[in-house]
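A.B. asks: Residue numbers (the working numbering), protein chains in the order written: chain A, 1 to 323; chain B, 1 to 300; chain C, 1 to 366.
Hints are computed from structural coordinates only; laboratory data are not their basis.
In this text the structure is predicted, and so the values were computed from the model without any measurement.
Check the hints yourself; a few may be wrong.
[To be verified] Computed cross-link-like contacts, DSSO-like style, restricted to lysine-lysine with a CA-CA straight-line distance of at most 30 Å: (1) K69(A) x K305(C); (2) K203(A) x K84(A); (3) K174(A) x K141(A); (4) K174(A) x K95(A); (5) K282(A) x K36(B); (6) K84(A) x K172(C); (7) K83(A) x K305(C); (8) K38(A) x K69(A); (9) K282(A) x K60(B); (10) K129(A) x K141(A); (11) K305(C) x K174(A); (12) K189(B) x K282(A); (13) K305(C) x K95(A); (14) K222(C) x K83(A); (15) K84(A) x K69(A); (16) K305(C) x K129(A); (17) K222(C) x K129(A); (18) K95(A) x K205(A); (19) K222(C) x K305(C); (20) K95(A) x K83(A); (21) K305(C) x K141(A); (22) K222(C) x K135(A).
[Stated by the list, open to error] What follows is a list of derived Cβ distance ranges for each label pair: (23) G127(C) x K26(B): 46 to 56 Å; (24) S67(C) x Y261(B): 44 to 54 Å; (25) R259(B) x L104(C): 33 to 43 Å; (26) G207(A) x K36(B): 56 to 66 Å.
[What the hints assert, rightly or not] If you want the ones that stay clear, here's a sample from chain A, every Cβ over 12 Å from chain C, calculated: (27) R36; (28) L81; (29) M98; (30) T105; (31) D126; (32) S158; (33) G160; (34) D225; (35) K304.
C-beta atoms are modelled at their ideal positions from N, C-alpha and C, and glycine is treated no differently.
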Amino acid sequence: MDKTDMFLSVRDLTVEYTSGDDVIYAVNGVSLDLQRGKTLGLVGETGAGKTTVAKSILRVLPMPPARIKSGEIFLDGEDILQKKEEHMLDIRGQKISMIFQDPMTALNPTMTVGDQIAEVVLLHSDATKQEAREKAMRMLKHVGIMEDRYNNYPYQFSGGMKQRVIIAMALVFKPELLLADEPTTALDVTIQAQILEVIRDYKEKHGTSMILITHDLGIVAENCDTVAVIYAGQIVELGSREDIFDHPSHPYTIGLFRSLPSFAAGEARLHPIEGAPPDPRKIPEGCSFYPRCPRATEACQSGKIPNAEMSPTHVCRCLNPEV
Amino acid sequence: MITQKTRPGASTVALARRPKKEGMWKRTFKRLSKDKVAMIGLIGVLLMILISILAPYITKYSPEEMILTEINSSPSWAHPMGTDALGRDYMSRLLYGGRFSIGLGVSSSLLSILIGIVIGSIAGYFGGWVDNTVMRLCDIIQAIPGVMISIIISLVLGTGYFVTIVALAIGGCSHVIRMTRAQVLSVRKSEYLDAAKTVNCGSGRIMFKHILPNVMSPMLLDFTMRIANMIQFSAGLSVIGLGVQQPTPEWGAMLSAGRNYIMTYPHLVIFPGLFIFAISFFINLFGDGLRDALDPKLKK
Amino acid sequence: MVRYILRRLLLTAIVILGAAVVIFTVMYFVPGDPAEILLGVTAAPEDIAAKREALGLDEPFFVQLGSFMYNAFIKFDLGTSWARGTSVMSGLIERLPRTFMLGLLTVLVTVVVGIPIGVNAAIHRGGWQDRVLMVSSMFFISVPEFWLALMLIIVFSLNLGLLPSFGIESWKCYILPVVSGAIAGIANLARQTRSSVLEVVRADYITTARAKGMKERPIIYKHMLPNALIPVITVTGSFFARCVGGAIVIEKIFSFPGVGLYMSDAITARDYPIVRGCVVILAAFTALLMLVVDLAYGFAEPQIKAQYAKSAKRKGNGRGRGRHTHPRGRSPHGGERPLVGARVGDDQAPEDEQPGHESQGEEGDQ
Numbered sequence: 001m002d003k004t005d006m007f008l009s010v011r012d013l014t015v016e017y018t019s020g021d022d023v024i025y026a027v028n029g030v031s032l033d034l035q036r037g038k039t040l041g042l043v044g045e046t047g048a049g050k051t052t053v054a055k056s057i058l059r060v061l062p063m064p065p066a067r068i069k070s071g072e073i074f075l076d077g078e079d080i081l082q083k084k085e086e087h088m089l090d091i092r093g094q095k096i097s098m099i100f101q102d103p104m105t106a107l108n109p110t111m112t113v114g115d116q117i118a119e120v121v122l123l124h125s126d127a128t129k130q131e132a133r134e135k136a137m138r139m140l141k142h143v144g145i146m147e148d149r150y151n152n153y154p155y156q157f158s159g160g161m162k163q164r165v166i167i168a169m170a171l172v173f174k175p176e177l178l179l180a181d182e183p184t185t186a187l188d189v190t191i192q193a194q195i196l197e198v199i200r201d202y203k204e205k206h207g208t209s210m211i212l213i214t215h216d217l218g219i220v221a222e223n224c225d226t227v228a229v230i231y232a233g234q235i236v237e238l239g240s241r242e243d244i245f246d247h248p249s250h251p252y253t254i255g256l257f258r259s260l261p262s263f264a265a266g267e268a269r270l271h272p273i274e275g276a277p278p279d280p281r282k283i284p285e286g287c288s289f290y291p292r293c294p295r296a297t298e299a300c301q302s303g304k305i306p307n308a309e310m311s312p313t314h315v316c317r318c319l320n321p322e323v
Numbered sequence: 001m002i003t004q005k006t007r008p009g010a011s012t013v014a015l016a017r018r019p020k021k022e023g024m025w026k027r028t029f030k031r032l033s034k035d036k037v038a039m040i041g042l043i044g045v046l047l048m049i050l051i052s053i054l055a056p057y058i059t060k061y062s063p064e065e066m067i068l069t070e071i072n073s074s075p076s077w078a079h080p081m082g083t084d085a086l087g088r089d090y091m092s093r094l095l096y097g098g099r100f101s102i103g104l105g106v107s108s109s110l111l112s113i114l115i116g117i118v119i120g121s122i123a124g125y126f127g128g129w130v131d132n133t134v135m136r137l138c139d140i141i142q143a144i145p146g147v148m149i150s151i152i153i154s155l156v157l158g159t160g161y162f163v164t165i166v167a168l169a170i171g172g173c174s175h176v177i178r179m180t181r182a183q184v185l186s187v188r189k190s191e192y193l194d195a196a197k198t199v200n201c202g203s204g205r206i207m208f209k210h211i212l213p214n215v216m217s218p219m220l221l222d223f224t225m226r227i228a229n230m231i232q233f234s235a236g237l238s239v240i241g242l243g244v245q246q247p248t249p250e251w252g253a254m255l256s257a258g259r260n261y262i263m264t265y266p267h268l269v270i271f272p273g274l275f276i277f278a279i280s281f282f283i284n285l286f287g288d289g290l291r292d293a294l295d296p297k298l299k300k
Numbered sequence: 001m002v003r004y005i006l007r008r009l010l011l012t013a014i015v016i017l018g019a020a021v022v023i024f025t026v027m028y029f030v031p032g033d034p035a036e037i038l039l040g041v042t043a044a045p046e047d048i049a050a051k052r053e054a055l056g057l058d059e060p061f062f063v064q065l066g067s068f069m070y071n072a073f074i075k076f077d078l079g080t081s082w083a084r085g086t087s088v089m090s091g092l093i094e095r096l097p098r099t100f101m102l103g104l105l106t107v108l109v110t111v112v113v114g115i116p117i118g119v120n121a122a123i124h125r126g127g128w129q130d131r132v133l134m135v136s137s138m139f140f141i142s143v144p145e146f147w148l149a150l151m152l153i154i155v156f157s158l159n160l161g162l163l164p165s166f167g168i169e170s171w172k173c174y175i176l177p178v179v180s181g182a183i184a185g186i187a188n189l190a191r192q193t194r195s196s197v198l199e200v201v202r203a204d205y206i207t208t209a210r211a212k213g214m215k216e217r218p219i220i221y222k223h224m225l226p227n228a229l230i231p232v233i234t235v236t237g238s239f240f241a242r243c244v245g246g247a248i249v250i251e252k253i254f255s256f257p258g259v260g261l262y263m264s265d266a267i268t269a270r271d272y273p274i275v276r277g278c279v280v281i282l283a284a285f286t287a288l289l290m291l292v293v294d295l296a297y298g299f300a301e302p303q304i305k306a307q308y309a310k311s312a313k314r315k316g317n318g319r320g321r322g323r324h325t326h327p328r329g330r331s332p333h334g335g336e337r338p339l340v341g342a343r344v345g346d347d348q349a350p351e352d353e354q355p356g357h358e359s360q361g362e363e364g365d366q
């Protein structure tokens, strides 16, 4: 996969957080690619580093504790990690937008929702205040909120509606890349479906590329073209949707699928993956999944585990992948 | 790093309503002992308490001994902190004064909290008009500036050491009353949920056992911070002519008395103020650390 | 919303009346016979008795209370000074503006200096601005206010002769009193502000703002400060109340002819009507100020404003305290209680000073 063909190409991203005396190794050499117009599902449990990856792309990590230690992120062929901050200011909100995980806290409580959307308009265009207002009202309508709610405050909205506002903010300038960080995790199942539909519709209409971060495999199945599974800050498996769902190779991926409750099989017990992810302050040598892996061998404990190519579209970071 | 399996059902043991006192205190103490700044504060406070207790061994002068030939003398080898208007060695008065001042701070703070706990519990327990009355009184007391309350009570009770303690204590109890009452109310509510198990005649004692642990930690912090406040307050009262007055060797009284000589003998004002500053400073350092240790979530 | 304000006004009025009752009652028990004080111990008993009758001191307690309340609140007459024979009210009218001015100036200086220091420290968290603040604020908070005043007098008045240490003739007379009061206030306010801003700095909506492509500076002014400064309102309000209510010591030290000195002299002269009148007026001021602060807080935070309006519609429960929990679950002053202040009058923990923001336990009553 030549990086110049790809719309987005992340290469070997490594990010650390410093908290007091501890160093937290949040992302350890993540590489992934995204074609224009496609959706990449980034799957993993809480703390695996998914949000950090997304925030790194947009470069909105809190920089005192966080540090992008190494890596490259190519957007349309240019490494945006090398770009100056002024350039990033242009990119954010226009070329790349992000939808955040918790709608309850992602909006400024002392500003009307309308003004918060209008703010995006004013930031990246010459519009007058009145024009920005009008645009903001149109965006509200797009996401299914009555225009007369422009002057309401965030506390007056439910979680689902707040998330719609956030989506409206993100889509104002028809971004080419949308980073959706668990956009539905904090919402009810019924609302989830609605929100995803709003995003999907938009995406189809405008050909937006998207990285959809989630821990819900069901959402991945319905919305994503390619899937990357992330564990302890590393991509352990990467492939098309069919590759991952029909032929999961990495023991972790297999474990994830097996732990899904299945009514059809009529089972009485759940099958969680035994153990817990490693402490991000001490990433072990070798494979991070080693302690929990049913297919582990001696060799897995040491050295950097290379990517095994299962097919032209499917790689797996494992010495003993399931074939 | 192999971690233990999680067993479903292990965490559903019914939680005791009383917080685990022992665990909480131990944890707090551990956190506190790691906080160097707080420890400096604590050591400073203890040091000051120590020198006031050991005053007789540190200075050879008695705080009442008047050497009329050496009135208002500036600091010298014989009198490291000079003498006051009646020829008494200042350092000795300041050292002995620690007993009075720190004693005043501690007792008025303690008294304030005791009053608050009692009244707050009564208000919360009886509810109804008793509660309403108490809360209205609290509102009213809060409207009157704290120093004013202490002043009018001092007018009634007169000047002097013990009455000042009382006056100061009353001025500051409204906060404690509210806190205690809130605790009592929340406990009462949950008690009623277990209506079947609660036998009403024992509920008084149950509440006592339940309120105190929950109220203990903010109260402890309150108590600590209040001590320094009370000492400074009392000094303020002395300046007005109330509070503690000479010849009691209390820092505030000494500071106030020295005011008249500020132009010629500034040492009379400087030293007591330094002592008051020192104890406030150490208490603040310790209190800050204590607050962080009690609830690390608040730490920034 | 208007209903809420009116209700609060009514309740504040009741509190003020109640305070007056309490003050009168407490002072009723002050020892000493006023008639004797006025006429002197050597006066003849008949004269003393006559004086007592003239002053209305033989009436039963409730009558005296009643006439005091009537005079005070209907006729605005707070009595007559025993020593000077002048009306207490006229004395207050002359002096209250001065004390008010002193308090206002102190608060202004505190706010103008303290808030930027706090914001700066929070933004450069861990940097030298932050550490200097944390270390020095502790220091300045612990300094006893009037001792600081005396020290300043020694240095600036007596030794350097730069500033006057008493009186009110020139604007220079305000400098030292304001500085003495402001220093601890600045230290405290800076800490509070820092604490409050830190809470906001890590908020999700700040990340949202960054993701929109906003520059840091506008983010600070448009998103951080409006949220972070809300708790500062209440802190500043109660500080103002303490400045005015607790000015007595500062005024005595600087011979500043305001309400405090009026009261202080009256205490020395045992001129109790003046003392009574001063305390009542100051209580009224404090109660009104707290109401203003509460309302300001409500206006600043839209969710609180709505709660106020809602609670006004609930059937009159006489509580008057906006019964609510702070929406973000944090205390009105950003999670950090002010430390022991050197301010005389500061004997109440800060939560006391905000009548509208009681702990969650309050919700539990019927």
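A.B. asks: Are the Cα atoms of K282(A) and K60(B) separated by 30 Å or less?
C.D. replies: Given that 30 Å is the threshold and the Cα spacing comes to 62 Å, the pair is violated.
A.B. asks: Holds or violated: are the alpha carbons of K222(C) and K83(A) at most 30 Å from each other?
C.D. replies: 26 Å, holds
A.B. asks: Taking the CB of R259(B) and the CB of L104(C), does the distance hold inside 33 to 43 Å?
C.D. replies: Violated, since R259(B) and L104(C) (Cβ atoms, about 27 Å apart) do not stay within the stated range.
A.B. asks: Given the hint that K69(A) pairs with K305(C), does the C-alpha gap stay at or below 30 Å?
C.D. replies: Violated, at roughly 46 Å.
A.B. asks: Mind checking the alpha carbons of K174(A) and K95(A) for me, to see if they're no more than 30 Å apart?
C.D. replies: Answer holds: K174(A) to K95(A) is near 8 Å, not above 30 Å.
A.B. asks: For a C-alpha distance cap of 30 Å, please report whether K305(C) and K129(A) respect it.
C.D. replies: 26 Å, holds
A.B. asks: Is K222(C) within 30 Å of K305(C), Cα to Cα?
C.D. replies: 20 Å, holds
A.B. asks: With d taken as the least Cβ-Cβ distance between D126(A) and chain C, does d exceed 12 Å?
C.D. replies: Fine: 15 Å to the nearest Cβ keeps D126(A) off the interface.
A.B. asks: Is the Cα-Cα distance between K203(A) and K84(A) 30 Å or less?
C.D. replies: 29 Å, holds
A.B. asks: Would G160(A) pass as off the interface with chain C, using Cβ distances and a cut of 12 Å?
C.D. replies: Answer for G160(A): holds, closest chain C Cβ roughly 17 Å.
A.B. asks: Evaluate the condition: distance from the CB of D225(A) to the nearest CB of chain C exceeds 12 Å.
C.D. replies: Per Cβ check, D225(A) is outside 12 Å of chain C; nearest 24 Å; holds.
A.B. asks: CB of G207(A) to CB of K36(B), is that within 56 to 66 Å?
C.D. replies: 59 Å, holds
When held up to the earlier numbered hints, the structure conflicts with 1, 6, 7, 9, 11, 12, 13, 23, 25, 29 and 30 and fits the remainder.
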